[in-house]
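These protein sequences, in sequence, are chains H and S. Positions 563 to 675 (the numbering used here) are the ones given, in order, by the first sequence. Positions -8 to 105 (the numbering used here) are the ones given, in order, by the second sequence.
Heads up, a few of these hints could be off.
Lysine-lysine pairs mimicking BS3-like chemistry, simulated, CA-CA at most 25 Å apart [stated by the list, open to error]:
#1 S:Lys43 / S:Lys60
#2 S:Lys102 / S:Lys43
#3 S:Lys43 / H:Lys619
#4 S:Lys102 / S:Lys(-6)
#5 S:Lys102 / H:Lys658
#6 H:Lys658 / H:Lys619
Everything labelled a hint here was simulated from the structure, so no lab data went into it. All values reported here derive from a predicted model rather than from experimental measurement.
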Amino acid sequence: DSGVTQTPKHLITATGQRVTLRCSPRSGDLSVYWYQQSLDQGLQFLIQYYNGEERAKGNILERFSAQQFPDLHSELNLSSLELGDSALYFCASSVKGAGDTQYFGPGTRLTVL
Amino acid sequence: DAKTTQPPSMDCAEGRAANLPCNHSTISGNEYVYWYRQIHSQGPQYIIHGLKNNETNEMASLIITEDRKSSTLILPHATLRDTAVYYCIVRAAVYTSGTYKYIFGTGTRLKVLA
């Protein structure tokens, strides 16, 4: 158990809909990272937040957005969902934002029908 | 960004050492090598990391060549629970934001055989 929690574990929705994935980092960690893992793409970095501020962006679509709240939990919002958005979404956290080890949560499996 | 190359799959007999190679020939001087593993579709689990020197912890050993172009993860006594996909990752600096990002490759699927 890494100490990172993600909800929900599974999410099934329809194309065109909007969903929100939630992540709670390990106690004391200030940085949160979001990754997408689809069958044909492997693990792709989406975005990082550090202490409430966006720190780095990866391959995140404009339909996706994220934020980190004052209590340090983070939410990933996915809108106008397409079939290709079906994937595992992982959150990771680290103590600071630069150079320390990331610890991953159990993931949310999103299925878009 | 430095890329990593790993064999797609390997088998290892239970109780024997599993040696997983990784090539990262374009790695820069300040880029660390990290190893994670993913069992089924669970979240990736941190194993070990290093910069230049060999490292050992309770899970594994990491051997990095002197030129830093390749490394080997060693699981000294593999068990069936070590069956997983193992990712060798270069932690690359994102200079514009002063942070770092992980670049995941396709990993090695290790199967430990009874």
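Holds or violated: Lys102 (chain S) with Lys658 (chain H), Cα cutoff 25 Å?
-> It is violated: about 35 Å lies between the C-alpha atoms, which goes past 25 Å.
Measure nothing beyond the straight line between the CA atoms of Lys43 (chain S) and Lys60 (chain S); if it is 25 Å or shorter, mark the hint as holding.
-> Holds, at roughly 10 Å.
Restraint status (C-alpha distance of Lys102 (chain S) to Lys(-6) (chain S) at most 25 Å) = Cα-Cα ~24 Å, so holds.
Does Lys619 (chain H) lie within 25 Å of Lys658 (chain H) when you go C-alpha to C-alpha?
-> Holds, at roughly 17 Å.
Mind checking the alpha carbons of Lys43 (chain S) and Lys619 (chain H) for me, to see if they're no more than 25 Å apart?
-> violated, 28 Å
For the pair supplied as a hint, Lys102 (chain S) and Lys43 (chain S), is the alpha-carbon distance within the 25 Å limit?
-> Distance of about 28 Å is beyond 25 Å: violated.
Hint compliance for this structure: hints 2, 3, 5 are broken, all remaining hints hold.
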